[in-house]
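Participant: Sequence:
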Amino acid sequence: MVRSRSVKNSRFYNEILEEFNYSFGKLFVFQGYVISEIYEGETIGWECGEQMVNDVSNFLNTKSGEIIFITNRINSYSVIASDWLKFFKHSYSLKSYFVVSSSSVGTLNSTIEKLFFKKKIKHFNSLDEAILEAKSILIQSVDR
Numbered sequence: 001m002v003r004s005r006s007v008k009n010s011r012f013y014n015e016i017l018e019e020f021n022y023s024f025g026k027l028f029v030f031q032g033y034v035i036s037e038i039y040e041g042e043t044i045g046w047e048c049g050e051q052m053v054n055d056v057s058n059f060l061n062t063k064s065g066e067i068i069f070i071t072n073r074i075n076s077y078s079v080i081a082s083d084w085l086k087f088f089k090h091s092y093s094l095k096s097y098f099v100v101s102s103s104s105v106g107t108l109n110s111t112i113e114k115l116f117f118k119k120k121i122k123h124f125n126s127l128d129e130a131i132l133e134a135k136s137i138l139i140q141s142v143d144r
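Residue numbering for the sequence shown follows this note's numbering, beginning at 1 and increasing consecutively.
Treat the hints loosely; a few may be bogus.
Calculated cross-link-like contacts (lysine-lysine; reagent style BS3-like; alpha-carbon spacing at most 27 Å) [to be verified]: (1) K119 x K89; (2) K135 x K8; (3) K95 x K122; (4) K26 x K86.
If you're looking for bench data, these hints aren't it; they were derived computationally from the structure. Remember, it's a predicted structure, so these values are computed and weren't measured experimentally.
Produce the entire structure from the sequences given, and follow the hints as far as they go.
Facilitator: Shown next as structure tokens:
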């Protein structure tokens with residue numbers, strides 16, 4: 001199994017606008033998309049999600065629905081999938097949601113998330129693929 005690598009070790013690291021460090025992980029903000037890397041063994045629920053949403057919205061001065069969220073699952077952690085309902089209840093949305101995972105556990109976790117997430121979840125085996133797809137979507141949005 002090839003383990004995914006951190007955004008810090010990618011060719012895109014120099015494009016980061018801001019990095020938020022939390023007790024549960026890191027969030028890297030780029031123009032139009034963000035990448036999360038959650039620490040090993042954490043359980044991510046609405047409280048963590050709300051903190052990240054507020055930090056990104058305030059930093060970029062953007063509205064909900066304008067951001068592509070990439071979760072780079074380089075560590076094993078849990079997501080309280082039903083908390084996506086709280087995300088939508090607060091009128092938040094995402095342009096797209098990408099999961100980067102080279103393990104079957106990461107894919108299984110996102111399969112459960114699909115039960116509560118209203119849009120399609122795209123899966124990638126590498127961070128580079130996910131970032132290039134995000135950039136492609138952002139370019140298409142500008143061209144419209």
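Participant: Which hint numbers does the structure go against, in order from smallest to largest?
Facilitator: none
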